[in-house]
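Trainee: Chain by chain, the residues:
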Amino acid sequence: MLLIYCPYCEEERSELEFRHGGDAHIARPTNMADITDEEFQDFFFLRDNPKGLIFERWRHIHGCGRFFNAARDTVSDKFVMSYKAGEPKPDLSGATPATEKPLTEKVGETHEATEGTAK
Amino acid sequence: MADQALRKAPLVGRHGGSAGARVTPAGPATRLSLRAGTDAIGTLSLAFGLELPQRPKTSASVSGRHALWLGPDEWLLIDENGADLMAIAAGVSALHSATDVSHRNTAILVSGPDAAGAIASSCPLDLGKTIFPVGAAARTVLGKIEIVLLRTGEEEYRVECWRSFSPYAFGILAEGAEDAAL
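Protein sequence lines correspond, in order, to chains A and B. Each step along the first sequence adds one to the number in my numbering, with nothing skipped, and position 3 is 1443. Each step along the second sequence adds one to the number in my numbering, with nothing skipped, and position 41 is 810.
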């Protein structure tokens, strides 16, 4: 069982109390009426789904009920840190960032290798 | 007489547990789901006659009335004497939101030396003495349902759950009590 640190409860709680909330730090377009359908689709539906360190929203739904952000490694499932909603993206230069592009070398027959490149 | 409606408590007549942990339905109580910003806490505390806790996992209790911290701006108020909490909230002019949840919730009391073990059988919360001392309270999960847990004594816990989930909660706690006594 994963233990996730809730910045509002100020302690680690069981993953059973949490719910995943998608990518964090997605900037909502300020000119929503002007952008094309494709640009809206990119913003609204398409996510990167990288391997490695990502920033995502979580909600402590069966605890304090608050949304917060967490940095998690998608390969090891390790939570590097979590911080309150609205706080700036932390600088985790020490940690290895997620690979921006899909791996070019073949890593066996994985589903990830055959999926498209979402922007 | 035939037209008289009788309110039946959700867990009436149930009993369970083991030699180490007793599981009993709690008596009826009035409850309030209270939400307010920091600037209203002082006024609300004064009106309800207890200091609304502002630290995670804490509660305040004064003669049968409890205020449980659920979130940074959310509390669960329980009055075991049936006081009209809504009337008190209505008299407060400071901005807040109060919802009467007296009949949404019901409570189960778990007591005895194995009480923590009975709850821990299906609840992931750490119930250790230092991390969850007497007076500690938290919203968490019990098996498949959400509960609010309050430690009322060294060996006493109050499990608040939704009324319709209470047979499930009671059953799983009774099972847990038997397992904890083994």
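Calculated directly from the structure, the hints in this document are not laboratory data. These figures come from a predicted structure and were not determined experimentally. The reader is advised that the hints may include incorrect statements.
Said to hold, decoys possible - Subject to a maximum C-alpha distance of 30 Å in a straight line, what follows is the list of computed DSBU-like cross-link-like pairs (lysine-lysine):
1) K913(B) <-> K1518(A)
2) K913(B) <-> K898(B)
3) K777(B) <-> K1518(A)
4) K777(B) <-> K1524(A)
5) K1491(A) <-> K1529(A)
6) K898(B) <-> K777(B)
7) K1524(A) <-> K1491(A)
8) K1524(A) <-> K898(B)
9) K1518(A) <-> K1529(A)
10) K1518(A) <-> K1491(A)
To be verified - Between beta-carbon pairs, the in silico distance windows are:
11) D853(B) <-> A1473(A): 48 to 56 Å
12) K1529(A) <-> P841(B): 53 to 61 Å
13) A856(B) <-> T1514(A): 36 to 44 Å
14) L1442(A) <-> S802(B): 46 to 54 Å
15) L864(B) <-> E1451(A): 43 to 51 Å
16) A1473(A) <-> D808(B): 41 to 49 Å
17) I1475(A) <-> G796(B): 54 to 62 Å
18) D1482(A) <-> G811(B): 25 to 33 Å
19) V1520(A) <-> L864(B): 53 to 61 Å
20) V1520(A) <-> I914(B): 29 to 37 Å
21) L815(B) <-> T1514(A): 19 to 27 Å
Backbone N, C-alpha and C define an ideal beta-carbon position, used for all residues, glycine too.
Trainee: So, for every hint listed, does it hold in this structure?
Mentor: Hints, verified against the model:
{"no.": "1", "hint": "K913(B) <-> K1518(A)", "verdict": "holds, 25 Å"}
{"no.": "2", "hint": "K913(B) <-> K898(B)", "verdict": "holds, 25 Å"}
{"no.": "3", "hint": "K777(B) <-> K1518(A)", "verdict": "violated, 48 Å"}
{"no.": "4", "hint": "K777(B) <-> K1524(A)", "verdict": "violated, 44 Å"}
{"no.": "5", "hint": "K1491(A) <-> K1529(A)", "verdict": "holds, 18 Å"}
{"no.": "6", "hint": "K898(B) <-> K777(B)", "verdict": "violated, 36 Å"}
{"no.": "7", "hint": "K1524(A) <-> K1491(A)", "verdict": "holds, 24 Å"}
{"no.": "8", "hint": "K1524(A) <-> K898(B)", "verdict": "holds, 28 Å"}
{"no.": "9", "hint": "K1518(A) <-> K1529(A)", "verdict": "holds, 18 Å"}
{"no.": "10", "hint": "K1518(A) <-> K1491(A)", "verdict": "holds, 12 Å"}
{"no.": "11", "hint": "D853(B) <-> A1473(A): 48 to 56 Å", "verdict": "holds, 50 Å"}
{"no.": "12", "hint": "K1529(A) <-> P841(B): 53 to 61 Å", "verdict": "violated, 22 Å"}
{"no.": "13", "hint": "A856(B) <-> T1514(A): 36 to 44 Å", "verdict": "violated, 52 Å"}
{"no.": "14", "hint": "L1442(A) <-> S802(B): 46 to 54 Å", "verdict": "violated, 29 Å"}
{"no.": "15", "hint": "L864(B) <-> E1451(A): 43 to 51 Å", "verdict": "violated, 30 Å"}
{"no.": "16", "hint": "A1473(A) <-> D808(B): 41 to 49 Å", "verdict": "violated, 37 Å"}
{"no.": "17", "hint": "I1475(A) <-> G796(B): 54 to 62 Å", "verdict": "holds, 59 Å"}
{"no.": "18", "hint": "D1482(A) <-> G811(B): 25 to 33 Å", "verdict": "violated, 48 Å"}
{"no.": "19", "hint": "V1520(A) <-> L864(B): 53 to 61 Å", "verdict": "violated, 38 Å"}
{"no.": "20", "hint": "V1520(A) <-> I914(B): 29 to 37 Å", "verdict": "holds, 31 Å"}
{"no.": "21", "hint": "L815(B) <-> T1514(A): 19 to 27 Å", "verdict": "violated, 49 Å"}
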